Amino acid sequence: MLKLDQLRTEIYSSQGTVVAVDGVTLDIQPGETFALVGESGSGKSVTALSITRLLPDNARVAAGSVLLDGTNLVDLAERDMRRYRGRHIAMIFQEPATSLNPVLTIGRQIIEVVETHTELRGAAARSKAIDWLRRVGIPEPERRIDTYSFQMSGGQKQRVMIAMALATEPEFLIADEPTTALDVTVQKQILDLLLSLQRERGMSILLITHDLGVVAQVADRVGIMYAGELVELGTKDEFFSRPMHPYANGLLGALPDVEKRGHTLEAIPGRAPTLTQAFHGCRFAPRCHAATERCRAEAPALYAQGATHAVRCFGFAPTRPIAIAAVPERVAGAGAHNRREAGEVLLRADKLRVRFPIRSGLMQRITGYVDAVHEVSFELRQGQTLALVGESGSGKTTTGKAILQLLRSSAVVEGSATLKGLELMTANARQLLGARRQMQIIFQDPFGSLNPRMRVGEILEEGILSLLPEVTAVGRAQRIGALLDKVGLPRNCLTRYPHEFSGGQRQRIAIARALAVDPQLIICDEPTSALDVSVQAQILNLLKGLQQELGVAYLFITHNIGVVEYLADHVAVMQGGRIVEAGLSAELLSSPRHAYTQTLLAAVPRARLKAG
Amino acid sequence: MKIVVLWTDWVVFFVLAATLLYAWNVLRTPHLASTWRKAFASPTGSAAATVLAAFVAIGVLDTLHYRRLLSNSTGTAPTYGTETLSLLDHLLRKQQAGKERSYSAPLAYLAYEKEAVTTNGETRRIYPRLINAGTHLQDPARDRAADVITRGLVGAIKGMFVAGLLACLLTWFKSRRNGRGLAAAWSDIRSGRTRMPLRVVLGTVSVLCFLSGTVLALSVEYHVFGTDRVGNDLFYVVMKSLRTALVIGTLSTLVTMPIAVGLGILAGYLGGWIDEVIQYIYTVINSIPYVLLIAATVLILMTFIDNHADLFPTAANRTDARLFFLCVILGMTSWTDLCRLIRGEVIKLREAEYIQAAQAFGVSTWRILSVHLLPNVMHLILISMVISFSGLVLAEAVLSYVGIGVDPAMQSFGTLINTARLELSRKPAIWWTLATAFSFMFTLVLSANIFSDAVRDAFDPRAIHN
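Chains A and B, in that order, give the protein sequences.
Sequential numbering of the first sequence, starting at 1, is according to the numbering used here.
Sequential numbering of the second sequence, starting at 1, is according to the numbering used here.
Read the hints as simulated data drawn from the structure, not as lab findings.
Computed from a prediction, not measured in an experiment: that's the story for all the values here.
Cβ atoms here follow ideal geometry from the backbone N, Cα and C, with glycine treated the same way.
Be aware that a few hints might be false.
Claimed, not checked - Residues of chain A placed beyond 12 Å of chain B at every Cβ, according to the derived structure: (1) D27; (2) F93; (3) E119; (4) T180; (5) T308; (6) G315; (7) G343; (8) E423; (9) D445.
As the list claims (entries may be wrong) - In silico SDA-like cross-links for lysine to any residue, where the CA-CA straight-line distance does not exceed 20 Å: (10) A:K3 <-> A:L54; (11) B:K2 <-> B:Y80; (12) B:K99 <-> B:L216; (13) A:K420 <-> A:R348; (14) B:K38 <-> B:T19; (15) B:K2 <-> B:L87; (16) B:K348 <-> A:R359; (17) B:K2 <-> B:T19; (18) B:K38 <-> A:Q15; (19) B:K348 <-> A:L54; (20) A:K420 <-> A:Q382; (21) B:K348 <-> A:L407; (22) B:K99 <-> B:P128; (23) A:K351 <-> A:R365; (24) A:K351 <-> A:G315; (25) B:K38 <-> A:R453; (26) A:K3 <-> A:T25; (27) B:K174 <-> B:A41; (28) A:K236 <-> A:A216; (29) A:K420 <-> B:G362; (30) A:K3 <-> A:S40; (31) B:K38 <-> B:P197; (32) A:K236 <-> A:L26; (33) B:K348 <-> A:A411; (34) B:K99 <-> B:G231; (35) B:K348 <-> A:S466; (36) A:K351 <-> A:R381; (37) A:K260 <-> A:S241; (38) B:K38 <-> A:S13; (39) B:K348 <-> A:G448.
Please put together the full structure from these sequences, using the hints given.
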């Protein structure tokens with residue numbers, strides 16, 4: 001029903017013309033879920049915006065066609081296009097918080113859509129809206145229809161967005177990362193809802209995502225995008241059982257999970273190319289382990305492999321196929337698990353409790369407290385990794401910050417946390433300065449964690465200046481040079497500013513900054529969740545390698561179960577500020593006891609086919 | 001000759017030095033250099049900057065003060081004139097000296113008011129000839145128009161000649177720098193194919209040269225903009241007013257900045273009772289009508305100056321001290337908006353992860369404030385500095401209107417407007433004082449506003465740069 005033919009979308013910027021989508025051809029059948037997968041900048045979202053013609057002002061469809069039941073949407077006048085949007089094609093976006101207007105009730109917004117696209121008016125439209133809210137699983141829809149979006153949780157907002165999108169009964173739904181901003185348990189509910197509504201209504205879904213786990217869970221067919229091109233196309237079964245393109249293989253190999261424990265992940269080297277350049281060879285060739293001269297000289301076409309599978313790689317060309325070398329063997333990490341018993345207790349938290357005061361009234365008196373962390377106890381031994389797992393709001397980041405003593409001025413912290421026998425909660429300024437040499441932190445957002453006005457050299461030097469004042473200028477320069485080598489950054493980056501680096505490189509800078517004072521404990525606060533899968537693998541490999549080399553312990557805060565399985569020795573699962581279950585990661589993850597852990601693990605989408 | 005450096009002169013020199021230092025720093029810092037280049041790359045921005053630069057040049061000329069040597073006989077201490085002059089006074093000495101008895105219209109040769117003149121024992125009330133304007137004309141009624149046109153044209157041609165010279169110089173410089181021929185460089189500039197909008201700058205300079213050439217040529221024999229009530233040439237007065245306006249704009253901003261930035265960052269970062277106290281202070285200051293506050297302080301000050309005459313040897317020192325303190329007072333009362341702005345920004349930045357990373361390193365509070373927070377609110381400071389400049393120039397006009405502005409003896413737009421307002425009701429109306437003051441002040445403030453717009457666009461990360 002929907003057919004893209006040689007779609008090419010260009011974005012005009014001050015750096016030149018970015019060909020964000022280049023020659024994408026695909027078709028989506030009625031009742032089918034097609035997943036368009038790619039990393040950031042691969043052109044998957046621009047493809048979706050090209051279909052709905054919602055591109056920004058500086059972008060346009062330069063060539064190709066978008067056929068919906070035979071009508072070319074590219075040629076339609078804007079007035080006619082408006083009729084198509086909503087009635088035939090609906091769209092839901094990634095961020096439910098900003099997709100709804102906060103000053104209108106959700107009912108007003110749904111009724112507006114219903115009245116625009118159907119004949120229903122007044123009470124009939126309202127009852128239709130209530131009906132839709134019920135169908136997307138909002139409890140008490142008669143009452144909730146008059147509430148505002150900020151009175152709802154993230155999952156509920158996304159349900160309302162789905163209700164709005166589907167209220168016009170479109171044949172075709174575009175879901176652009178619909179669950180990326182949500183917790184895994186909520187993600188599962190939303191995906192289940194989408195699937196059941198699809199079955200009920202027989203509509204097609206174009207699902208845009210970076211998460212291969214979600215793809216394995218819901219898609220019928222899969223298209224992999226890289227640098228604006230479709231590089232592999234096939235049914236879900238074909239793709240997961242026999243991925244062909246080296247990039248697709250690399251993506252699957254880069255996903256951390258329990259089977260890859262003790263191995264390094266297959267990080268795809270390098271980074272995605274900028275799309276302002278003219279390509280001559282295969283776009284993936286510079287990062288491909290099997291690339292040959294031919295790959296660099298001429299561009300491969302999308303070669304059909306059977307009825308439904310196609311791949312853009314010379315390894316599968318009908319004439320003169322190149323040999324694709326086997327992916328290099330996974331290297332077993334030397335002795336990563338042999339010294340589990342070796343270390344002493346480095347960090348011990350005992351009945352840690354963090355409360356944030358609620359202030360109100362004229363004099364800002366404290367009128368109550370919010371419990372963020374409630375009696376949390378755990379131990380972390382030297383050279384080991386303890387993962388604090390939980391969904392947003394479970395108090396895992398607060399626990400980390402409380403241990404680092406970053407909350408002294410803003411929260412009430414009780415209980416005890418000892419680092420090598422030193423009680424941190426009552427430590428005075430001088431003791432704390434000594435303790436800070438032992439523990440450091442890496443943050444989630446590599447764009448927010450580096451001061452944009454400081455050079456990389458100054459950023460790395462700051463910690464040494466503050467905590468190791470006895471080190472001379474020469475010593476500092478040597479240390480910084482060694483740090484850059486350790487995290488795999490070139491030496492010449494010292495005089496550059498953070499914005500000149502990619503996300504992965506910035507995270508390397510942040511890691512180098514944390515390592516600058518030779519800490520024994522690093523608190524990693526979701527260090528890879530803002531990164532693409534292939535870059536995440538590079539960073540995880542780096543963290544693991546550093547642990548083996550330096551014997552540093554990680555308190556790893558994350559919601560990503562795959563990362564936990566791959567990296568952690570011990571796991572503590574947090575819910576609502578409490579640790580509900582803790583233990584060795586192998587045991588806990590294979591046989592969870594607590595009901596919440598079971599729900600959490602069951603909700604995690606796996607990037608593989610379900611057995612049977 | 002004795003060099004005199006008044007208080008506000010020190011300030012002007014300091015600001016100039018600081019600007020040069022900052023410019024040098026900008027050139028060495030890539031991200032700052034590219035941002036500033038963006039500000040100057042907008043055609044309106046660079047045109048406004050050119051006009052501003054011309055005004056600043058006049059202001060600086062008016063800042064180099066000296067007292068003339070009267071006698072220097074050996075054996076006795078040299079004596080100096082009581083009048084403090086500036087380089088601008090020297091350049092415009094003809095216009096300064098060419099005083100009339102009272103009002104006269106622009107380019108007039110007769111006075112505005114009739115006077116009783118006794119010729120041949122007979123007393124008649126006539127419009128007397130002006131003492132210093134149109135004296136070279138034999139039959140003014142017949143010759144004046146032709147004379148004005150020829151003089152104006154000659155001046156305009158001279159001005160255009162200077163502009164052409166500058167264009168040649170620029171082309172030569174450009175061709176040297178790019179290693180291309182003169183013709184190629186000129187065609188690049190003419191068709192706007194340069195990185196900076198040189199064509200616009202050159203156009204603005206030409207217009208300025210044309211206008212100033214004409215005015216200067218005419219001002220030798222006429223009062224181009226007329227004269228004021230005590231017969232001063234308005235052209236001279238308005239040139240002198242420029243410095244006053246510039247000093248008020250920059251010095252008040254200079255006083256504002258440290259208070260606003262310091263208190264804003266402290267309140268935002270430290271929070272708690274410090275935040276409460278600072279918020280309390282600016283809420284209180286904001287709730288007092290600022291005219292009242294300024295009036296009270298100016299009165300106290302005037303009493304102080306009168307009681308300590310020995311501290312201020314000349315009239316120039318006195319008027320200058322009053323200007324200086326007026327700026328200080330203006331600055332002390334107008335820091336609240338910026339302070340509030342910075343406090344809000346810092347509260348947002350305080351939660352930034354790089355600040356927390358610095359805290360985790362045990363970096364001292366002072367260093368976090370100065371190294372991490374200050375550079376990250378700098379764009380706010382800069383934007384508000386250029387915007388508040390024009391506001392302060394206008395504020396001076398308002399204050400002088402109410403009579404609490406600069407010393408009445410000091411030339412300023414405010415005093416000009418204040419004296420002009422009553423005369424508007426005369427018939428025929430004396431429109432030229434107001435018109436002159438208005439058009440110069442308007443040009444100054446407009447170019448400052450346009451330039452600040454360009455700066456804000458360049459520094460605002462949310463602005464779209466296509």
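Here's how the hints hold up against the structure:
1. D27: holds, 35 Å
2. F93: holds, 21 Å
3. E119: holds, 41 Å
4. T180: Fine: 21 Å to the nearest Cβ keeps T180 of chain A off the interface.
5. T308: Nearest chain B Cβ is 43 Å from T308 of chain A, so the label holds.
6. G315: Label holds. Min Cβ-Cβ 42 Å, cutoff 12 Å.
7. G343: holds, 22 Å
8. E423: Check passes; 17 Å lies beyond 12 Å.
9. D445: The assertion about D445 of chain A is violated, with a minimum of 6 Å to chain B.
10. A:K3 <-> A:L54: This hinted pair holds, its Cα atoms lying about 18 Å apart.
11. B:K2 <-> B:Y80: Holds. K2 of chain B to Y80 of chain B sits at ~7 Å (cutoff 20 Å).
12. B:K99 <-> B:L216: holds, 17 Å
13. A:K420 <-> A:R348: holds, 8 Å
14. B:K38 <-> B:T19: holds, 18 Å
15. B:K2 <-> B:L87: holds, 13 Å
16. B:K348 <-> A:R359: holds, 19 Å
17. B:K2 <-> B:T19: violated, 27 Å
18. B:K38 <-> A:Q15: holds, 15 Å
19. B:K348 <-> A:L54: The given pair, whose Cα atoms are some 32 Å apart, is violated under the 20 Å limit.
20. A:K420 <-> A:Q382: holds, 10 Å
21. B:K348 <-> A:L407: holds, 16 Å
22. B:K99 <-> B:P128: holds, 14 Å
23. A:K351 <-> A:R365: Violated: K351 of chain A and R365 of chain A sit about 27 Å apart, past 20 Å.
24. A:K351 <-> A:G315: violated, 58 Å
25. B:K38 <-> A:R453: Given pair K38 of chain B, R453 of chain A holds - Cα atoms ~18 Å apart, limit 20 Å.
26. A:K3 <-> A:T25: holds, 7 Å
27. B:K174 <-> B:A41: holds, 17 Å
28. A:K236 <-> A:A216: holds, 7 Å
29. A:K420 <-> B:G362: Roughly 19 Å separates the two Cα atoms, so the pair holds.
30. A:K3 <-> A:S40: Roughly 24 Å between the alpha carbons, so the hint for K3 of chain A and S40 of chain A is violated.
31. B:K38 <-> B:P197: Status holds; Cα separation ~11 Å.
32. A:K236 <-> A:L26: Judged against 20 Å, a Cα distance of about 15 Å means the pair holds.
33. B:K348 <-> A:A411: holds, 18 Å
34. B:K99 <-> B:G231: At roughly 5 Å apart (the allowed maximum being 20 Å), G231 of chain B and K99 of chain B satisfy the hint.
35. B:K348 <-> A:S466: violated, 24 Å
36. A:K351 <-> A:R381: holds, 18 Å
37. A:K260 <-> A:S241: holds, 18 Å
38. B:K38 <-> A:S13: holds, 16 Å
39. B:K348 <-> A:G448: holds, 12 Å
Violated hints, listed in ascending order, are 9, 17, 19, 23, 24, 30 and 35; each of the other numbered hints is respected by the structure.
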